[in-house]
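Visitor: The task is simple: from the sequences and hints, build the whole structure.
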Amino acid sequence: MVSINYRFINQNNKRYMRFISRIDKIGYKIFNKNKNRIDYSSVKSVAILQLAHIGDFILTLPFANLLHQKISSKIIFVVNSTNALLAKKCSFIDDVIEVDAPYFARNKNNNNLFSFVKQLSKINADLIFDLRGDIRNLISVYFASKYKYLVGYAEGGCGFLLSKRLDYPWHGHISETFNKLLLEFDINENPIDYWNKDNIPYIDCRLKLPKNYLLIHISTAAQARQWPIENFIELIKKVSKYIHVIVLGVKNDLTPAQFADIKYIPNTTVLIGKTNLLESIDIVRKSSYFLGLESAFVHIAALLGKRVVGIYSGTTNKLRWGPFSLYPDQIIIIKNKPSCSGEDGCGKLNCINNICMMQINIDRVFQAVNEMIEKN
Numbered sequence: 001m002v003s004i005n006y007r008f009i010n011q012n013n014k015r016y017m018r019f020i021s022r023i024d025k026i027g028y029k030i031f032n033k034n035k036n037r038i039d040y041s042s043v044k045s046v047a048i049l050q051l052a053h054i055g056d057f058i059l060t061l062p063f064a065n066l067l068h069q070k071i072s073s074k075i076i077f078v079v080n081s082t083n084a085l086l087a088k089k090c091s092f093i094d095d096v097i098e099v100d101a102p103y104f105a106r107n108k109n110n111n112n113l114f115s116f117v118k119q120l121s122k123i124n125a126d127l128i129f130d131l132r133g134d135i136r137n138l139i140s141v142y143f144a145s146k147y148k149y150l151v152g153y154a155e156g157g158c159g160f161l162l163s164k165r166l167d168y169p170w171h172g173h174i175s176e177t178f179n180k181l182l183l184e185f186d187i188n189e190n191p192i193d194y195w196n197k198d199n200i201p202y203i204d205c206r207l208k209l210p211k212n213y214l215l216i217h218i219s220t221a222a223q224a225r226q227w228p229i230e231n232f233i234e235l236i237k238k239v240s241k242y243i244h245v246i247v248l249g250v251k252n253d254l255t256p257a258q259f260a261d262i263k264y265i266p267n268t269t270v271l272i273g274k275t276n277l278l279e280s281i282d283i284v285r286k287s288s289y290f291l292g293l294e295s296a297f298v299h300i301a302a303l304l305g306k307r308v309v310g311i312y313s314g315t316t317n318k319l320r321w322g323p324f325s326l327y328p329d330q331i332i333i334i335k336n337k338p339s340c341s342g343e344d345g346c347g348k349l350n351c352i353n354n355i356c357m358m359q360i361n362i363d364r365v366f367q368a369v370n371e372m373i374e375k376n
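No gaps in the numbering here: position 194 of the sequence shown is 194 in our numbering, and each next residue is one more.
Do not take every clue at face value.
[Said to hold, decoys possible] Each pair of labels, with its calculated beta carbon distance range:
no. : residue 1 : residue 2 : range
1   : CYS346    : TYR40     : 34 to 44 Å
2   : SER81     : ASP39     : 47 to 57 Å
3   : CYS346    : ASP39     : 37 to 47 Å
4   : THR82     : ASN212    : 27 to 37 Å
5   : ILE23     : PRO169    : 23 to 33 Å
6   : ASN267    : ASP344    : 34 to 44 Å
Since the hints were derived computationally from the structure, they do not count as laboratory data. By construction, the Cβ of each residue, glycine as well, lies at the ideal position given by its N, Cα and C atoms.
Guide: Written out as structure tokens, the structure is:
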């Protein structure tokens with residue numbers, strides 16, 4: 001029996017974990033023959049399975065760029081419809097297949113299982129690499145997609161379905177899970193060394209913007225990672241006295257009164273709800289500095305080479321999920337670590353108390369912004 005240190009879904013549910021363990025015990029006895037033998041020289045197409053959110057996709061880009069430079073195989077990205085808008089503009093991605101997994105949908109109306117299976121059936125590649133080691137991904141792809149080899153991690157369960165199981169990197173940055181595939185192709189180089197900030201896709205926002213400004217992005221997809229909007233308002237009032245501030249975010253995250261408060265702060269431009277994703281990236285690209293929460297945009301800003309202040313929650317480990325750094329002192333992460341967050345973060349998307357964010361005061365963030373600007 002293969003020994004598995006499980007992670008991901010319902011890890012604290014003992015009944016669930018016993019069930020998965022029993023499935024694996026049977027599965028490894030039946031399927032665990034002639035595994036881990038892959039002729040990589042015969043692989044003409046590689047499909048990268050990344051069905052999660054924008055931030056997860058952005059973190060894969062340096063890896064995909066290096067893979068494209070080092071192997072002649074066709075690089076296919078399997079992503080959700082939002083990430084497909086970005087992937088289709090990346091020159092190092094040869095083909096994009098849109099797959100909206102219902103279990104990653106933040107909009108619960110996007111929950112069509114039949115459509116999901118139909119989308120998966122479009123995948124036809126010599127090798128499929130699942131970045132997450134997610135049991136839901138493995139089962140879905142195993143039955144719905146066409147491939148010669150399925151490579152990934154067993155720690156989510158049903159690893160016996162894999163053609164080759166990679167050793168999951170429990171420590172270090174999350175990008176180590178991507179880099180394991182590079183090693184399979186004998187690529188032992190740092191993707192950041194090959195990264196060019198112009199690789200981030202964007203569309204010209206066609207707005208008249210100041211030459212020097214701080215971009216503040218006030219939104220994040222998870223409530224547990226949200227810093228109070230009132231704190232942002234007070235911070236913008238302080239910062240805008242000496243540098244122009246442009247504000248991006250999701251309009252639904254603010255009340256009408258809060259929106260009005262920000263709108264009438266001097267030396268501030270509010271673009272909340274006025275740009276699409278690719279146009280918003282262009283506004284980040286043209287900025288001098290970036291301040292934001294733990295979201296896709298903090299990763300986008302970092303890979304664009306901007307100096308970044310990120311306000312992180314206790315839900316994740318900042319060393320694991322922090323943005324890439326392209327040069328020394330580029331990134332400042334502000335984070336509290338209450339006892340409830342544990343060693344690697346509590347993993348919550350919603351939190352009643354939200355104390356890890358509530359305890360980060362305005363002066364602390366203001367000081368970090370000053371430090372960031374002084375470094376330039």
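Visitor: Could you run down the list of hints and mark each one as holding or not?
Guide: A quick look at each hint next to the structure:
1. CYS346 to TYR40: 34 to 44 Å: Cβ of CYS346 to Cβ of TYR40: about 39 Å, so the range 34 to 44 Å holds.
2. SER81 to ASP39: 47 to 57 Å: violated, 34 Å
3. CYS346 to ASP39: 37 to 47 Å: At roughly 43 Å between Cβ atoms, ASP39 and CYS346 fall inside 37 to 47 Å, so the hint holds.
4. THR82 to ASN212: 27 to 37 Å: holds, 31 Å
5. ILE23 to PRO169: 23 to 33 Å: holds, 24 Å
6. ASN267 to ASP344: 34 to 44 Å: Since ASN267 and ASP344 have Cβ atoms about 40 Å apart, the given range 34 to 44 Å holds.
Checked against the numbered hints above, the structure violates only hint 2.
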